Amino acid sequence: MSRIRLPNRRAHELRDLDFNGKRFVVGFGRYDDGRLAELFIDTAKPGSTDLDHVARDAAVSASLGLQSGMDLETLRAAVSRDSDGSPAGLLGAALDLVAGESAR
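Residue numbers (full-length UniProt numbering): 1 to 104.
Do not take every clue at face value.
[Unchecked claim] Computed spacing ranges between beta-carbons, pair by pair: (1) Ser86 / Ser61: 34 to 44 Å; (2) Ser80 / Gly100: 17 to 27 Å; (3) Asn8 / Ser68: 27 to 37 Å; (4) Asp18 / Gly47: 16 to 26 Å; (5) Thr43 / Leu64: 14 to 24 Å; (6) Ser80 / Asn8: 28 to 38 Å; (7) Asp82 / Asn8: 16 to 26 Å; (8) Leu6 / Asp84: 27 to 37 Å; (9) Gly100 / Met70: 14 to 24 Å; (10) Asp82 / Pro7: 35 to 45 Å; (11) Ser2 / Lys45: 34 to 44 Å.
[What the hints assert, rightly or not] Keeping only pairs whose Cα atoms sit at most 16 Å apart, straight-line, the calculated EDC-like set for lysine to aspartate or glutamate is: (12) Lys45 / Asp16; (13) Lys22 / Asp42; (14) Lys22 / Asp52; (15) Lys45 / Asp71; (16) Lys22 / Asp50.
For the record, the hints were derived by calculation from the structure and aren't laboratory data.
The model shown is predicted, which means the values in this text are computed figures rather than measured ones.
Ideal Cβ placement from N, Cα and C applies to all residues, glycine included.
Given only the sequences and the hints, what does the whole structure look like? Please build it.
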């Protein structure tokens with residue numbers, strides 16, 4: 001499936017996320033039909049740290065998957081989880097946060 005491009009101007013939501021003792025800002029946008037279309041993850045205090053790069057790269061990879069037809073639940077199922085089902089990594093925590101917003 002080819003990538004679905006988003007308009008240059010679009011609605012965007014921001015949420016705070018605390019994960020493993022660190023604070024992040026998760027941004028996300030949706031298609032007109034409500035499906036998740038893009039994800040951004042930044043540290044609360046951006047700088048050029050390795051964590052900033054890992055967070056941004058994970059979000060870009062997820063966004064490319066979403067824009068190529070993958071749905072949120074498929075992405076959530078693909079990330080590492082602890083034995084209790086909670087996310088083991090930052091991307092999983094961000095996806096769960098967005099899924100919780102979608103359920104409202």
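Structure-based check of all given hints:
Our hint of 34 to 44 Å for serine 86 and serine 61 is violated, since their Cβ atoms are close to 21 Å apart. A C-beta distance of roughly 19 Å is found between serine 80 and glycine 100, which places it inside the suggested range of 17 to 27 Å. Separated by about 19 Å at the C-beta atoms, asparagine 8 and serine 68 break the suggested range of 27 to 37 Å. Distance hint check: the CB atoms of aspartate 18 and glycine 47 are about 18 Å apart, consistent with the given range 16 to 26 Å.
As the Cβ distance of threonine 43 to leucine 64 is approximately 21 Å, the hint placing it in 14 to 24 Å holds. Remark: the range hint 28 to 38 Å for serine 80 to asparagine 8 is upheld by a beta-carbon distance near 34 Å. For the pair aspartate 82 and asparagine 8, the beta carbons lie near 39 Å from each other, so the given range of 16 to 26 Å is not met. Under the hint 27 to 37 Å, the C-beta atoms of leucine 6 and aspartate 84, about 35 Å apart, fit the expected range.
Taken as a hint, the range 14 to 24 Å holds for the pair glycine 100 and methionine 70, whose Cβ atoms sit roughly 19 Å apart. Our hint of 35 to 45 Å for aspartate 82 and proline 7 holds, since their Cβ atoms are close to 38 Å apart. Checked against the given bound of 34 to 44 Å, the beta carbons of serine 2 and lysine 45, roughly 37 Å apart, stay inside it. About 12 Å separates the Cα atoms of lysine 45 and aspartate 16, which keeps this hinted pair within 16 Å; it holds.
For the proposed pair lysine 22 and aspartate 42, the alpha carbon gap of about 11 Å is at most 16 Å, so the pair holds. Annotation: proposed proximity of lysine 22 to aspartate 52 holds, straight-line Cα distance about 12 Å (limit 16 Å). Between the alpha carbons of lysine 45 and aspartate 71 the distance comes to roughly 30 Å, so the proposed pair goes past 16 Å and is violated. For the hint linking lysine 22 to aspartate 50, the alpha-carbon distance of about 14 Å falls within 16 Å, and the restraint holds.
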